[in-house]
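Participant: As given, the protein sequences belong to chains F and B, one line each in that order.
Numbering-wise (our numbering), the first sequence opens with residue 1099 and increments by one.
Numbering-wise (our numbering), the second sequence opens with residue 1099 and increments by one.
Do not rely on the hints blindly, as some may be mistaken.
Pairs involving identical chains hold if they fit within one copy or between any two copies, as the list cannot separate such chains.
As the list claims (entries may be wrong) - For lysine-lysine, the following DSBU-like pairs were computed, each having C-alpha atoms within a straight-line distance of at most 30 Å:
#1 Lys1346 x Lys1168
#2 Lys1335 x Lys1467
#3 Lys1424 x Lys1346
#4 Lys1467 x Lys1424
#5 Lys1335 x Lys1424
#6 Lys1467 x Lys1346
#7 Lys1180 x Lys1346
#8 Lys1467 x Lys1180
#9 Lys1335 x Lys1346
#10 Lys1180 x Lys1424
Hints are computed from structural coordinates only; laboratory data are not their basis.
Fair warning: this is a prediction, and the values are worked out from it, not measured in the lab.
Number of protein chains: 2
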Amino acid sequence: MAEDNSPFGAARALTLAGPLALDGGASLAPVDFAYETYGALNESRSNAILICHALTGDQHVASQHPVTGKPGWWARMVGEGKPIDPARHFIICINVLGSCMGSAGPASLAEDGRPHAMRFPVITLRDMVRAQAMLLDHLGIETLQAVIGGSMGGMQVLQWAACYPQRVRSAVAIATAARHSAQNIAFHEVGRQAIMADPNWRGGDYYADGEPPTKGLSVARMAAHITYLSEEGLTEKFGRRLQARDSKSFGFDADFQIESYLRHQGISFVDRFDANSYLYITRAMDYFDLAEEHGGLLANAFAGSSTRFCVISFDSDWLYPTSEAKTIVRALNAGGAEVSFVELPSPFGHDAFLLDTPGLNTAVDGFLKAGEGA
Amino acid sequence: MAEDNSPFGAARALTLAGPLALDGGASLAPVDFAYETYGALNESRSNAILICHALTGDQHVASQHPVTGKPGWWARMVGEGKPIDPARHFIICINVLGSCMGSAGPASLAEDGRPHAMRFPVITLRDMVRAQAMLLDHLGIETLQAVIGGSMGGMQVLQWAACYPQRVRSAVAIATAARHSAQNIAFHEVGRQAIMADPNWRGGDYYADGEPPTKGLSVARMAAHITYLSEEGLTEKFGRRLQARDSKSFGFDADFQIESYLRHQGISFVDRFDANSYLYITRAMDYFDLAEEHGGLLANAFAGSSTRFCVISFDSDWLYPTSEAKTIVRALNAGGAEVSFVELPSPFGHDAFLLDTPGLNTAVDGFLKAGEGA
């Protein structure tokens, strides 16, 4: 167990003995965790906020990314004077099960000292949340002031509230859905097929020698990236503008800015993400259907819950559109739960939850403070 | 020049000497054409209808496809008693320049007896239309009763009306746009990168020996196919239903019907389409911007046109949505052209133009007959 004593952005790693029973029938033991904490747990152990990250996110929520050198992915939301503030909160962000930034996943080592690769069991969102609960148990955190996240992070928020209603006082689910639609699955399947079509993938056994399937992973990222942006946002940002040239090349270079941008997104992604993790986490998301786990009725997932909910959507998000947020809100209402809902305007589509979107911080800040004041 | 005398669906091939000057500055000579005709040209040579096909379409508009054995791609629209009727019309459908069903393209033979491959010049929609006009000149067809097409076929319709207003009495543009948006380009770029990432692509030189880049082309087709269907249609058709199993496999097989469907679409496509053609035609579509060719003002493309226009969109088409159709209609109005516009309801997205969509045949039939009666 590596630890440091820095007050902010402490990177931590921990291995628990397990076993962690998984939805697919297998179990994991031991279980590796990589996570970060910010701020300090108060005496009553009542100020812990768990931040759940998205598909390609990580625990570096408000600290510099070790590979890219970029600021934390949610530095706009987390930090001094921000809605989630280490001066007030004990903040935890855990690299999800199946990912590649230190927690157990296909790239982590199995008992035989070799990476699990495709021997890693297929996991679910519920498995990710169970793993997080196991870590919080170990840290002695029984109750969370709040669980918060966007996209797949929002799915974990809903799953937390459904699995452990007594442990979650407030839940903030942003730009998310309670189940993956056919179109969501379709986009993920394209990405998986792109990775598996890359001869460097070699059934997932590319860790020891040879090149990883960077071309396939890059194509997967490009396809996904389109879904993170709105048509309106793309038009505003790129339109049909040419990239560093005055006229079309009549060739297959990146003539248009949007082509150049997408290629950059694809190429830069492969430096920081593992292709097998992309397979496992997209699979977990596709399997996600909170109603299915509760007799086909989403309201059952939240029946009698005392958790306060805040659901936020963005009007140009076509990946997890407002209609999906409203489905969640209706189920919460039917289950008798307390819920605030806001649809925020943004031209930037799904990515709005990561950007400087007017109203987002205000909504989260107000909701969290109302919970603290209560 | 191969010809037959069958009255219906006569498959024809023809090579013209050229040269055909291209927008990119190159020229083609000779120029191969593969096309089909149905019905007979009347004495006044006034009943010719040109049907323009989409990206992966071909000249087999109402005849069995030679590779797949399936009926023609628009047999719902073309045939005895249909809106486009060989009893009344002389129907022509030409495989577009750059395609792979017999017309000049990367797979056709260059002067050195080897396939052009990537030596084929990059072409535009206007080049495709110029080639069609060259063939019609040869056939002695000066004026077209109508030009009609959906998707990229609709773009050719608009290009025909802009380039040769005197030759087009009626124009029917379905499920299309007057320019490719950033999002349209983005999806095509993902497809191109998937093809080029396949090591079997080998810079396009895969014709003589070795395997073609079927995996890359299959991924490209899968990504494109998502854009052809609406979220609503996908949910209705597939939802989260499992494929030939009672429960999730907790593996990477095609658990969901949508995965199985997409994989099938990808795999079956590679038997009938050439990867290099996919590169060239998507490039031509991305280059398409009819306003750009006319001083940045789309209305200029149609100023003073005596062509009658019919513009049809589908309410669930998010690839070329109704807003794009309305842009065309506004430009036609501003240019003083006669235009009918209808948005048809359909749950099936962009693909609705190929399906049994209520109102589509009626709209086309009424529009064509009104032109004949005049």
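Participant: Hint by hint, work out which the structure violates, then give me just those numbers in ascending order.
Facilitator: 1, 2, 6 and 7
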